[in-house]
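J.: Each chain, written out:
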Amino acid sequence: QQQVKQSPQSLIVQKGGISIINCAYENTAFDYFPWYQQFPGKGPALLIAIRPDVSEKKEGRFTISFNKSAKQFSLHIMDSQPGDSATYFCAASRRTGANNLFFGTGTRLTVIP
Amino acid sequence: NAGVTQTPKFRILKIGQSMTLQCTQDMNHNYMYWYRQDPGMGLKLIYYSVGAGITDKGEVPNGYNVSRSTTEDFPLRLELAAPSQTSVYFCASSYGQGGNTIYFGEGSWLTVV
Chain C
1 QQQVKQSPQS
11 LIVQKGGISI
21 INCAYENTAF
31 DYFPWYQQFP
41 GKGPALLIAI
51 RPDVSEKKEG
61 RFTISFNKSA
71 KQFSLHIMDS
81 QPGDSATYFC
91 AASRRTGANN
101 LFFGTGTRLT
111 VIP
Chain R
1 NAGVTQTPKF
11 RILKIGQSMT
21 LQCTQDMNHN
31 YMYWYRQDPG
41 MGLKLIYYSV
51 GAGITDKGEV
61 PNGYNVSRST
71 TEDFPLRLEL
81 AAPSQTSVYF
91 CASSYGQGGN
101 TIYFGEGSWL
111 TVV
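Line order of the protein sequences matches chains C and R.
Note that the numbering used here gives residue 45 to position 45 of the first sequence, counting from 1, and the numbers run on in steps of one.
Note that the numbering used here gives residue 33 to position 33 of the second sequence, counting from 1, and the numbers run on in steps of one.
Here chain C stands alone, though its shape is the one from the complex (with noise of 0.2 Å):
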């Protein structure tokens, strides 16, 4: 059972247009989301992170958007790069216990130049 469902499974983007990535859950008992990037041959690396007590978390041109009542959690990246061409994995977990990060599947990014 998947604990993190995430879409779309691949997204191609132009240079400079908005890529958005859609993450949900139903354990209403995880409250920390990270999301992490993977280029081929490497590890995951975490990009940004959120917790439930706000509804926005931006880092440069990477914004989480959060919907607590709706248990579902975005990726958006602005103005979208090749160099941003990777696959993202929305996570969750609790912030008590031994962190365990439960993923979704994966959303292949490829930016067109």
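Simulated from the structure, these hints should not be mistaken for lab results.
Glycine included, every Cβ here is placed at the ideal spot set by N, Cα and C.
Do not rely on the hints blindly, as some may be mistaken.
Not the full set, but computed from the structure, chain C residues with beta-carbon under 7 Å of chain R [to be verified]:
#1 LEU46
#2 ASN100
#3 THR105
Take the given structure of chain C and dock chain R to it, following the hints.
T.: Chain R alone, transformed into the frame defined by chain C:
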């Protein structure tokens, strides 16, 4: 600035063989994890450890074993390899409980034939 180091990078095993994936971290993190990544499935937690001498099962522990004799090292043992264990394996570490950044190694590609 090594971070999380995994060896080997690539390995081909025959069905029924056993092997150990090595993982070491130099960040003095108390938490360590092993994930496997399969195409279209995201990352699934195999085992984790909250400190030396303490290990626990994750989502998909069957067919694997771990030990944690030191803070730095967290080897993953595959006993009686099966084709279903063909995957990319990631070791990771973090400091403290949930909500802290998890740092991943670069992965070990394992094929069982």
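J.: Each hint: holds or not?
T.: Tested hints:
With a least beta-carbon distance of about 5 Å to chain R, the hint placing LEU46 of chain C at the interface is held under the 7 Å criterion. Hint on ASN100 of chain C holds. Least Cβ distance to chain R is approximately 6 Å, under the 7 Å limit. Checking THR105 of chain C against chain R by beta carbon gives a least distance of about 4 Å; that is within 7 Å, so the hint holds.
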